[in-house]
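As they're listed, the protein sequences go chains A and B. Take the first sequence: its position 394, counted from the start at 1, is 394 in the working numbering, and no numbers get skipped. Just remember that the working numbering sits 1000 ahead of the position in the second sequence, which is counted from 1.
Everything labelled a hint here was simulated from the structure, so no lab data went into it. Beta carbons: idealized from backbone N, C-alpha and C, even for Gly. Mixed in with the good hints there might be a few duds.
As the list claims (entries may be wrong) - To be clear about the criterion: a stretch of chain B counts as covered by chain A if any three or more of its residues have a C-beta under 8 Å from a C-beta of chain A, and this derived list gives those stretches:
1. 1228 to 1241
2. 1268 to 1282
3. 1296 to 1310
Said to hold, decoys possible - Pair ranges (Cβ atoms, derived):
4. A:143 - B:1254: 47 to 53 Å
5. B:1265 - A:148: 29 to 35 Å
6. B:1256 - A:449: 43 to 49 Å
7. B:1254 - A:21: 26 to 32 Å
8. A:383 - B:1270: 33 to 39 Å
These are the residues of each chain, in order.
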Amino acid sequence: MARGKAGFATLTRIGRAFLVIAAIAVLAWPRPAHAVIEIDITQGNIQPLPVAIPDFIGGNPDDAQLGADIANVIQGNLVRSGLFAPIDKAAFIEKIRDVNATPRFGDWRIINAQALVTGHVALLKDGRLRAEFRLWDVLAGQQMAGQQFFTTPDNWRRVAHVVSDAIYQRLTGESGYFDTRIVFIDETGPKDARIKSLAIMDQDGANMRVLTDGGELVLTPRFSPTSQEITYMSFGRGDQPRVHLFNIETGQREIVGDFPGMTFAPRFSPDGQRVIMSLQSGGNANIYAMDLRSRATTRLTDTPAIDTAPSYSPDGRQVTFESDRGGTQQIYVMNADGTNQQRISFGEGIYSTPVWSPRGDLIAFTKRHAGRFLIGVLRPDGSGERILTEGYHNEGPTWAPNGRVIMFFRDTPGENGGPKLWSVDLTGYNERQIDTPHFASDPAWSPLIN
Amino acid sequence: MRVSLAISFFAHLSVIAWASFSFPTARPYEIEPMKALPVDIVTVAELTRLKAGVKEPAQEKEQAPSKPETEKPDTSSGEETDKLKRVAALPPPPPPQPEEPKVATPTPVAPRPQPRVEEPKKEPEPEPAPKTAEPKPEPEKTAESVPDKEESLAPLPPVRPAHAPRPAPPATPKKERTFDADKIAALLNKVPAEAEAPAGGEPIADEPPGAGDPRGLDSRMSISELDALRAQISPCWSPPIGVQGAADLAVQIQLALNVDGTLLRPPDILSRGSGLAFLAAADAARRAVLRCQPYELPAGKYDAWRDIKVNFDPREMLGG
């Protein structure tokens, strides 16, 4: 009994102390002096962001010319993305003289710039090129990003692309796609005797190089996701389709193998270890996966239909392909081991060339319906089908590495017509033709180079 | 043992016997009929919106349309309950004036006319007054039902003492003893003049701005004013919608504004998030509020919009 009593007394003391502390806390807790209005903004006004890109500063005339070139490349990249509206240089008020000094933001606000890019280039004594840039938030009056690069002088375009990527990423929240290359088929000659060569260029059309001599028919180039390698299909002697592996940096060429009956060029898996392809035998075609090291092939589909154009998902666990097992060509999705094959396209028309976005959220496809050729996207579960563009013989979509832009090719009718490369944004806007010296088809977008 | 048992038995028996004889003949309790005490809930909001005085309140606005139940900032209702609690702790009201007690009945009904009389004053104001919607029908009703009305201005509702420095309006109706319907208008006109007097007094130190505000305006923003502010900010907001998961990038910003509508200091981002997408969304929200200043807002209600929280939510733009 006594013990219980003592315990109770202690508790009371503790309880009292607790109450005192709680009371003090409640009384001392800061209270708002007055009500704060809260409003919800649910509608905005999507506009390209006005950005000012003055020439990069250079010490001597050579550097200054380089600085101007870099600024122009950056401006071109941002304009083509459709998300930015660079301001005419003639409207600039302040002349940037020092990249480390804070700009006079008032001068830039007057011309309605919301972001400002300042930079500096210098050719160093050891032959290297040093470039640096700063991205400023004009309205808030502070720096948003800044980087410095060292490289060889003839790599200045890549510097401009990397800077563009950094600006794009900071302002839109997505990774950029400017430091990439496009591999495609360059077509020359008359329509009935086309000479097709493999070609590669920067995504803005510069630095175009032809990689094969045009002697044999080359088709469907594809980029490896992990290394600077391309695979393509060539029909050489005896009409045997052959898969080649081409290393861009070393220029080395390798024959992966003779694949009699191949209908579609292989695509790499995201880890670069396997390729997936479609082989034809008799009247039907089925999908096979091959390990590049062991050269062991696994059969994934086994139907009397034509299953072709396979593409891996970015996590490598699923494959999308085109099949006519249901009567017309439609898009299917299955696991990477061939199980659980499901049809996902149910609209009217013929669906083909499905390509999984590197972001994983969409599959792009070509659709033919009532004589119209369309490029569209749909979600991997089959919902949300959207048509992005319609055009004459639209075909062959390929994704930019950030999953935001699709490139494809479109024909022009007539005797002198030919295919050209086009790009369109995921939202369906900003359809642009890519500048190539000749006709071009079958584009494939590389991953980011660095 | 036996003896005690016997005594106990007989005692119990006697008690039971007495009970059985006396209980049925007991008098039932008499309950006097209680007069129903009409209680009028007067929110402190109504009192805090007392005007200093407009000499000529617009008479034609007396029948106000039923004010729609408007959305108020949630914090304000929380504030009001706080104020209400505080007010309840104040000392009891002063006794009624001597000229009053002629009629016994008006006393309980007294608290009522206060809101009734104040209604016409508030009506010229365009702001919504949701809580006044309830007391309004009744005061109109009782004005007709209870004849000796005018001097029942005198007894103040218990909440009144919150504004102690204010001299009680009962000073007014010393003259009229009989209810004269024609003179109601004259009476109504006088009350604002009375309320004017306390306006010159010092504002209550711990009351939030708006209580007995000498400027005489309700410092709450109306729906249309909030909409106008929304319409000023919306066109400047260009969120990143193409990024993956853009629908979840809601950003909350706190603004501190000067009287002329410009920002007092850089806006604070209240939301917490990480990743490039959130950074871009927060930047877009910040740019939106910086771009569109100065904001056109009613200068008289500066205290209401001195601090604003803006929630940017792109979910609707992306189709939910």
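Evaluation of the provided hints:
1. 1228 to 1241: holds (count 11)
2. 1268 to 1282: holds (count 7)
3. 1296 to 1310: holds (count 8)
4. A:143 - B:1254: 47 to 53 Å: violated (23 Å)
5. B:1265 - A:148: 29 to 35 Å: holds (32 Å)
6. B:1256 - A:449: 43 to 49 Å: holds (46 Å)
7. B:1254 - A:21: 26 to 32 Å: holds (31 Å)
8. A:383 - B:1270: 33 to 39 Å: Since residue 383 (chain A) and residue 1270 (chain B) have Cβ atoms about 35 Å apart, the given range 33 to 39 Å holds.
In terms of the numbered hints stated before, the structure departs from hint 4 and from no other.
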